[in-house]
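Chains as they are written, first to last, in the working numbering: chain U, 1 to 267; chain L, 1 to 126.
Since the hints were made in silico from the structure, they are not lab data.
Treat the hints with caution; some may be incorrect.
Claimed, not checked - Within a straight-line C-alpha distance of at most 35 angstroms, the following computed DSBU-like cross-link-like pairs (lysine-lysine) qualify:
#  : chain 1 : residue 1 : chain 2 : residue 2
1  : U       : Lys192    : L       : Lys95
2  : L       : Lys110    : L       : Lys120
3  : L       : Lys63     : U       : Lys110
4  : L       : Lys120    : U       : Lys110
5  : L       : Lys93     : U       : Lys109
6  : U       : Lys110    : L       : Lys118
7  : U       : Lys109    : L       : Lys8
8  : U       : Lys110    : U       : Lys192
9  : L       : Lys95     : L       : Lys120
10 : L       : Lys93     : L       : Lys120
11 : L       : Lys92     : L       : Lys8
12 : U       : Lys192    : L       : Lys71
13 : U       : Lys109    : L       : Lys71
14 : L       : Lys81     : L       : Lys63
15 : L       : Lys63     : U       : Lys109
16 : L       : Lys120    : U       : Lys192
17 : L       : Lys95     : U       : Lys110
18 : L       : Lys81     : L       : Lys118
19 : L       : Lys63     : U       : Lys192
20 : U       : Lys192    : L       : Lys93
21 : L       : Lys92     : U       : Lys192
22 : L       : Lys110    : L       : Lys8
23 : L       : Lys118    : U       : Lys192
24 : L       : Lys110    : U       : Lys110
25 : U       : Lys110    : L       : Lys92
Said to hold, decoys possible - Derived DEER-like restraints, expressed as beta-carbon distance ranges:
#  : chain 1 : residue 1 : chain 2 : residue 2 : range
26 : L       : Arg74     : U       : Leu157    : 55 to 61 angstroms
27 : U       : Phe182    : L       : Pro45     : 27 to 33 angstroms
28 : L       : Pro45     : U       : His121    : 32 to 38 angstroms
29 : L       : Arg74     : U       : Ala161    : 50 to 56 angstroms
30 : L       : Ile97     : U       : Ser203    : 29 to 35 angstroms
31 : U       : Phe27     : L       : Glu68     : 56 to 62 angstroms
32 : U       : Ser74     : L       : Asn33     : 51 to 57 angstroms
33 : U       : Glu102    : L       : Ala100    : 31 to 37 angstroms
34 : U       : Leu157    : L       : Ile97     : 53 to 59 angstroms
35 : L       : Gln101    : U       : Ala179    : 32 to 38 angstroms
36 : L       : Ile97     : U       : Leu117    : 41 to 47 angstroms
The beta carbon of each residue, even a glycine, is placed where N, CA and C say it ideally should be.
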Amino acid sequence: MTGKAEHTMNSQLIVNAENNTIEHSTFKIKADYLLQLLHDNDLEGALRCINEINCINNDHVHTVLGKITRGLHSAISDLSNSTANSDSEKNKTRAGLDYVIEVTSLAAKKTLDMTELTHRHLQTLGTAQGQIESLVDQLRPTLKDARQLTILAQLDLAIAANHATFQNISQNTTEIIVAQNFQDLASQSITKAIRIITDVESSLITLTQHTNLLKQLSLISTSPDLLEMSVTQELRNNLDKIETTAPVEQEHLDQDDVDNLLSSLGF
Amino acid sequence: MPANPNMKILVVDDHESMRRIEKQILNDLGYPNVDMADDGSTALPMLQAGSYDFVICDWNMPKMEGLELLKAIRADARIAKTPVLLVTAESKKEKIIQAAQAGVNDYVVKPFNAETIKLKIARIFP
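Use the sequences and the hints to build the structure in full.
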């Protein structure tokens with residue numbers, strides 16, 4: 001780890017520790033206050049205080065959820081951008097993993113095209129080899145001279161060697177073709193991974209929306225005079241909208257929608 | 001009955017590269033009469049129209065997946081006895097049981113090689 005990264009991490013730990021300390025001291029103050037209210041038999045005040053303590057918890061859960069959602073969303077965005085080489089390519093690319101599927105599929109097809117072509121060339125070679133063997137067989141009974149017979153023997157050896165090489169290349173090209181079946185498996189696995197990541201992101205966004213609205217509703221119920229009734233109604237309507245449209249995974253938000261939504265929720 | 005080298009085979013897979021791979025393997029194994037379909041819904045009318053002796057089919061396909069095609073084959077008296085080999089990445093136990101219950105003749109898990117296909121054909125056509 002570099003000195004700068006270490007310093008950043010340490011600073012983050014200090015900030016987190018400070019936040020926890022603030023949170024704990026707030027808890028203690030509220031708890032002491034609650035005890036006092038109960039001691040004074042102020043039940044209405046005690047209930048309000050309990051609500052406020054709950055709010056501290058809700059705030060924490062909301063913040064953590066928001067950070068996870070933002071982190072996952074950034075990771076997906078980075079992944080989408082890192083696989084495209086230029087801005088125009090980025091625009092063409094729906095997502096990085098889709099791009100990987102497309103590129104590997106094209107590569108597999110090209111390999112198949114070239115290997116099948118090689119296979120056809122091999123068949124042409126095999127036919128030519130067969131013709132040569134047939135011609136040699138026709139020539140064989142006519143050759144009597146010792147030198148001619150020596151050349152014929154050498155020709156037989158060369159034909160046999162060619163035959164063995166032909167078999168090897170043919171088997172190898174088949175192996176190359178069969179090896180491409182990993183592309184299909186890879187694309188299926190990547191497709192499943194895309195679906196899972198998208199579902200997790202959608203669920204986190206829904207959860208963040210819920211916690212945010214619950215937080216705002218609990219603030220309203222704690223201090224009804226702080227907000228106009230119309231605002232309260234709007235929040236309740238939003239909550240209803242989320243509840244009636246859940247599960248949200250069926251609805252696919254685009255990149256900008258997700259960015260806007262997270263920003264509007266303060267992440 | 002041992003496999004007839006002239007038997008008519010239908011390869012069903014939504015991935016073009018997989019169809020070509022399977023066709024090449026079959027050609028290399030000595031079966032030149034291979035047709036291809038990209039989905040169960042394309043394959044079924046081909047099977048009903050032509051006299052295919054053997055079907056090699058993927059599981060996960062759009063529109064009509066392999067298991068549905070298998071059930072449709074078994075439900076049609078004209079083609080019900082056609083041997084079906086499922087070639088798929090699905091290797092979960094319950095999936096294999098489902099396929100067996102639907103009447104599959106054999107099951108190959110991807111990735112596979114030519115030798116596996118050869119053995120399966122030998123087992124289906126003893």
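Which numbered hints turn out to be false for this structure?
none
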